[in-house]
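Just so you know, the protein sequences line up as chains A and B, in that order. Under the working numbering, think of the first position of the first sequence as 1, with each following residue one higher. Under the working numbering, think of the first position of the second sequence as 1, with each following residue one higher.
Source of the hints: derived by calculation from the structure; they are not laboratory data. Fair warning: there could be bad hints in the mix.
Pair by pair, the computed Cβ-Cβ distance ranges are [as the list claims (entries may be wrong)]:
1. G142(B) with M57(A): 49 to 57 angstroms
2. S140(B) with N270(A): 55 to 63 angstroms
3. E200(A) with P59(B): 28 to 36 angstroms
4. K138(A) with D228(B): 24 to 32 angstroms
5. R281(A) with N270(B): 55 to 63 angstroms
6. R292(A) with R287(B): 53 to 61 angstroms
Just so you know, these numbers come straight off a predicted model, no measurement behind them. Cβ atoms here follow ideal geometry from the backbone N, Cα and C, with glycine treated the same way.
Below, each chain spelled out in residue letters.
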Amino acid sequence: MKAVSVHQLGMEHPLVVGDLPDPVAGPTQVLVRVHAAGVNPLEISIRAGDNPRARQMKLPMICGTDVAGEVEAVGEGVEGFQPGDRVWGRSTTGGYAEKGVLAAGSTGRLPDRMSFGEGACLPIPMLTAWNALVIKTKAQPGETVLVQGGAGGVGHLAIQLARQMGCHVFTTVSSTEKGDFCRAAGAEVVINYREEDVVERVKQTTGGRGVDVVVENSASDNLPGDLGLIALNGRIVIVGPGTGKEGDVTISVRPIMGADGHIMGLSSGNLAPQVPTILQRLGPILARGDIRPHVGKEFPLAQADEAHRLVLSGKFLGKVVLVV
Amino acid sequence: MKAIRVHKFDLSVPMQEEEVDDFAPEPGELLIKAGAMGINPVDVAIRAAKHPYAKMVTPPYIPGAEASGEVVALGEGVEGFSVGQRVYGRAVGGAYAELVRLPANTTAELPDAYSFEEGAGITVPFYTAWNALVIKAEASAGEAVLVQGGAGGVGSAAIQIAKRMGCRVITTVSSKEKADFCKSLGADETINYREEDFAERCMAFTGGRGVDVVVELAACDNFDKDLDAICIDGRVIVIGTGTGKGPTAEFRVPSVMTKDARVLGLAVVNLFPKMPELIRRFIPILREGGLKVHIDQSFPMESANKAHELVLSGKFLGKVVLTP
C-alpha cells in the first residue's frame, strides 16, 4: 500500500512517500481501506520532535492516526462490522496510508450524510472536544464557554458541541473570515484577538463575571490571560500548547487560588479506554447532523508536507485532510 | 477592648496593641471573649500587602481570621448557640483582640477535649485541608497523597485528614525534627527536600506510578516538579504560593497534557458558603478526638510581632497562636 512515513524527526526532514506491506487486522480489530486522513497539530509536533512523545516513537513510522474509510476485513471476534461499512477512527498502524488497522470498539460509524473527508476530521478533534467539555470541565447548560481559537480543528467542533450542551459560546479568532465561520458554527460572541483585548472584552461582555469554561487551543500564548477571565470555579482545559509552539509558560499563582480555578490537561492517548463509551453517546448526535465538521482544504496523500505547512500557518478554516 | 492593629502595610512597621471600641455582634454573628487567636501565614502576607486580600482592609485594621473562646453575646437571629458556650470559628473584622465576632453559620462548638489554643488552630488549617482533599481533589481510599510542607498548620492538618480518608501520605519537610513530627501525625513517609529529589521519592513511594494528589503549599517553588511526581489523572491542589513567595510559577503545558493533570486552586473566602456543610461532616471526626492540633507556641497578644516573625521564618511545627 502507499503510505507517508516519518524517517527522521525535525521539520527539515521531508516526509517519505513509499510502498509498504498491507497491515492485517488481528483479533478485535478491523482493517480499513482509507479514503481520507485528517491532519492534526499532534502528529506535526511529534514529527517535528517537539512533543514529549516523539522520543518514544520507533522510526520510520507512518505519520498521523485519523482516518475515514470502508471496512475491508474484520479480525477474529469482531461483531457489528462487516466489509463495506463506512467508518471513522484512529488507526493503530498510522493514518497517512491507503490502509489502516483500527480497534473495533473504538471505531465510529460514518453517517451517510457525511463524506469521508468530513469523517477524517473527527477522530482526534471530536473526541478531544468531547473530553474537554463533557468529561473534564463538565460544562453545564447556561454556562459560558470561551473557545480560544474557534476556527481550528478542535475549535469549530467544540463550538458546536458546547451549543449542543446548552452553553453560551464565546470564541477568539484572528480574522473576519474566521469570525464569520465561527458564528455559523454557533458562536454568539466572536473576538478578534489581533484587534481587541480578549480579557477586557470577556469581562465587559459578562458584566465582570468572567466565563465558566475555557477550551484552550493555544496555552503557551493564552494561559496567563485565561486566569484573568474565568469566573469563580472557572475551568480551563488545555487542548494544546498552540500549533508549532513550545510548551513552557509562566503563570501567576494567586489568580488560580482566588477564583478556585481549575486548569486541566488532556491527551488523546489517555482517553483511549473511554472512546467506546463516548462513541455510543456521540453516534446519534453525528447521525442527526447536529455537529458538522468542516473540511477547509484537501490535499492528495503525496502532498502531506504541504498540508503540514498549511496547518502550521493557521491559514485555513476547520480542518485540513489528505485524500487517499 | 484591647486589640492588635496594623497601621501600615509594611512588615518593618510593628503592629501595635491599642485600646479600641468593643465589638458588638451584627445579625447572624456571635461575640466571643477570645480564649486564643490563630495566626496564619496569610495574616503576614496581607500585612506585607503581598496578598489580594490586602485590598479588603484599610489600616489601621485588626488582623487575624480565626479564634476560639466563650460566647458572650448573640446577634439578631442566631439560633443554636448560648452564652457561655465554648466555640471556635472564622472571625470577621479581625481576630487579634479580646472580643471577636464569629458568623454563626461558620462557627462550631469546641469539644471539651480541645483547649482554646487548639481551638484557634482548627478553622483555617483543617477546613482548608478538607477543601483541598475532600472537595477539590476528591481523594479516595488507597490513593497516594503528597503533602508539600507537612509540618505547617495546613500541612499537618492535611496529613491527618488524608490518613482519615484512607489515603497513603508522603510529605516534604526541611529537618529531622519536622519529619518526626509529621510521622507522629500519621505520615507514612517523609522527604527532606533539601537533601532528596521529591519527585523521585514519590515515584518510589508509588512503585513508579506517581502520586494521585499533591497538596501544594509552596506552588511557586514546587509546581513545575509536582508534574513529575503525579500519576496520570493526578491532581495538584494549589493552596499557597509559599510564605513570602510569589507571584509566579513555571508551567509546562506538555506535562499537564500528557498526564491529564488537573491543577486546582482554592481560596478560603470561596469556601465560606460551603462551610456549614463542611462543619456538619467534620465535627464528628473532631469529636472522635483523633485529630491533633499541635501548638508550637502560644504568645501573649502583646508579642504579636514576635509571633509574625516566627511564622515568617517557618521555624515552627503546626500552629502559632496568641492569647489575650
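Going through the hints against the structure:
1. G142(B) with M57(A): 49 to 57 angstroms: 34 angstroms, violated
2. S140(B) with N270(A): 55 to 63 angstroms: 19 angstroms, violated
3. E200(A) with P59(B): 28 to 36 angstroms: 31 angstroms, holds
4. K138(A) with D228(B): 24 to 32 angstroms: 27 angstroms, holds
5. R281(A) with N270(B): 55 to 63 angstroms: 32 angstroms, violated
6. R292(A) with R287(B): 53 to 61 angstroms: Once the Cβ atoms are compared, 59 angstroms apart, the range 53 to 61 angstroms for R287(B) and R292(A) holds.
Of the hints listed earlier, those the structure fails to meet are numbers 1, 2, 5, in rising order.
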